[in-house]
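With chain A held as given, fit chain B onto it using these hints.
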Amino acid sequence: MARTVTAQRKAINTGVAWVIGLLIFFPILWTLLTSFKTEAQAIADPPVWFFFDWTLENYRVVQERSNYTRFLWNSIYIAGGSTILGMLVAIPAAWSMAFVPSNQTRNILLWMLSTKMLPAVGVLYPIYLIFIQLGLLDSRFGLTIVIMLINLPIMVWMLYTYFKEIPTEILEAARMDGAGLREEILFVLTPMAIPGIASTILLNVILAWNEAFWTLNLTAARAAPLTAFIASYSSPEGLFYAKLSAASTMAIAPILILGWFSQKQLVRGLTFGAVK
Amino acid sequence: MSTKASRSAARLMLAPAVILLLAWMLVPLTMTLVFSFQRNLPLRGGFLEWVGFENYVRFVSSSAFWPAVQTTVVVVGGVLLITVVLGILLALLLDQQMWGQGVVRIMVIAPFFVMPTVTGLVWKNMFMDPNNGLLAYLWRFFGGDPVVWLSDVPVFSLILIVSWQWLPFATLILLTAMQSLDSDQLEAAEMDGAGTLSRFWHIILPHLSRAITIVILIQTIFLLAIFAKIFVTTQGSFGTRTLTYLIYQRVLESQNVGLGSAGGIYAVILANIFALFLMRIVGKNLDR
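Protein sequence lines, in the order shown, are assigned to chains A and B. Mind the numbering: the first sequence is residues 90 to 365 in my numbering, read in order. Mind the numbering: the second sequence is residues 79 to 366 in my numbering, read in order.
Keep in mind the hints are simulated off the structure, nothing from the lab. Be a bit skeptical, because a hint or two may be false.
[Unchecked claim] Residues from chain B that face chain A, not an exhaustive set, calculated with beta carbons under 7 Å:
id	residue
1	M103
2	I184
3	M193
4	I251
5	A303
6	A345
Where is the CB? At the ideal position from N, CA and C, for every residue including glycine.
Next comes chain A alone, as it looks inside the complex (with noise of 0.2 Å):
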């Protein structure tokens, strides 16, 4: 709403939603801080704000004594490797149905939303068996695949929903030039799909990153990512907010920096296109 407001308003404006902004955002700037503090610091009573000693020694500790950087290479090749194999499943799909519709699709592309919808719950039982059988529990490879299943739906949505805003009479004025299927790919519709591909690697790696339903029921060790390390501080020994503090810290940064990019497309992925 592009309406000219007074000053005083707008002032108002600011002093309201500036307040509420950061009263929102304050359990991540809360953590943030306490991931700098000392143990004593960080559970001191009158709680201190920003006058203390800043120290990161908890960091250390952190990655030292939980292997850190194993879980951090584990949720990069879950979220990662779902990404790129989702992806190669899912630009093919859309790509089809965007630009070579049949009367089928629309119900193809609910039936795909419908199963984004089954409750994890109501077959974790048969992945777990699946798993236990084929050898995959605690793997990597296992989890990434079914990462990359539950997000699937949503990836060939968003991307088809990018796909149909491309313009179809170019692909028709490439093909009367003689253009093959191959050409019409490379030359034609990548460029004009780099976006729409973009942005939905963008909202995958999120979605994977933050799993936390069969990471944590199917893994144990070695292929646990962060949510599961994060897990690991629920236990009493691991109640020192400091350092639960750091190790939160740098779970959830990464992300939060991709989501801030993300604000636009996350509305398009997360509601199947319903609203732009």
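For chain B alone, kept in the frame of chain A given last:
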């Protein structure tokens, strides 16, 4: 204008996605369905006998079932109420002119990107802990007795934690929807003497109704499946055991596969009811 060749190529390109999703859906779901008619205890050798619908009856008649349903309804309903109402207000606020709008937006949206286990543990320990939590400090500061959040008001606490995570989602979608509102319409209404409240009620809210429906449906499907936040906070104790968590416990903790599978089928049916409504809306959108 598609040729026969490109049509068959297209089908070939679609095939992997369809086959994978079909397998992902059919294989485990069929297994769950089969298990649900068995007495199946892995600790005593797995399959014991076929029991017909006994598991379905036992699941709903167990003493844990109705409390779990009640918790699920209260948590999902509570979170929906909070996130939708506050989401509308926040979207209205963020749509106004202000300084530093981008930064405020980022702060409001941030909780959505925090991984669920971090959300659960940060709230449990650093805010809701009765001794060292920040809320306990706040209560003492104002002369009150600290609340033992996760055992005194566990369901409310869970609603609070989950709402914090999902409020950004509702806000972001409602804000996106609000920005597509034609400002001429609002100005015309203003000139006709419509007050703020009347403009909100007669123009903004109807405009948002579709987005609100979508937020409610999508959130319901995700909220029914909440797991990690309960897993790291209460482990389902103190009456925070939702249907999802109950099924999880039946299957993996007490290793009663038959009973858990029957519960799983109930969960699938429940989720599908909401999914049907959502798909109808999304489907309509496809036709436009």
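Check your understanding: Can M193/B be said to touch chain A, with a Cβ gap under 7 Å?
Key -> Result: holds, 4 Å to nearest chain A Cβ.
Review point. Are A345/B and chain A close enough, Cβ to Cβ, to be under 7 Å, as the hint says?
Key: Because about 4 Å separates A345/B from the closest Cβ in chain A, which is inside the 7 Å limit, the hint holds.
Point to revise | Hinted contact M103/B with chain A - closest CB pair below 7 Å | key: holds, 5 Å
Review point. Can A303/B be said to touch chain A, with a Cβ gap under 7 Å?
Key: Cβ of A303/B sits 5 Å from chain A, so the hint holds.
Check your understanding: At a threshold of 7 Å, is the proposed contact between I184/B and chain A supported by beta-carbon distances?
Key -> At 5 Å from the nearest chain A Cβ, I184/B passes the 7 Å test, so the hint holds.
Point to revise | Interface hint compliance - I251/B to chain A, C-beta minimum distance less than 7 Å | key: Hint on I251/B: holds, closest Cβ of chain A at ~5 Å, below 7 Å.
Hint compliance for this structure: no hint is broken.
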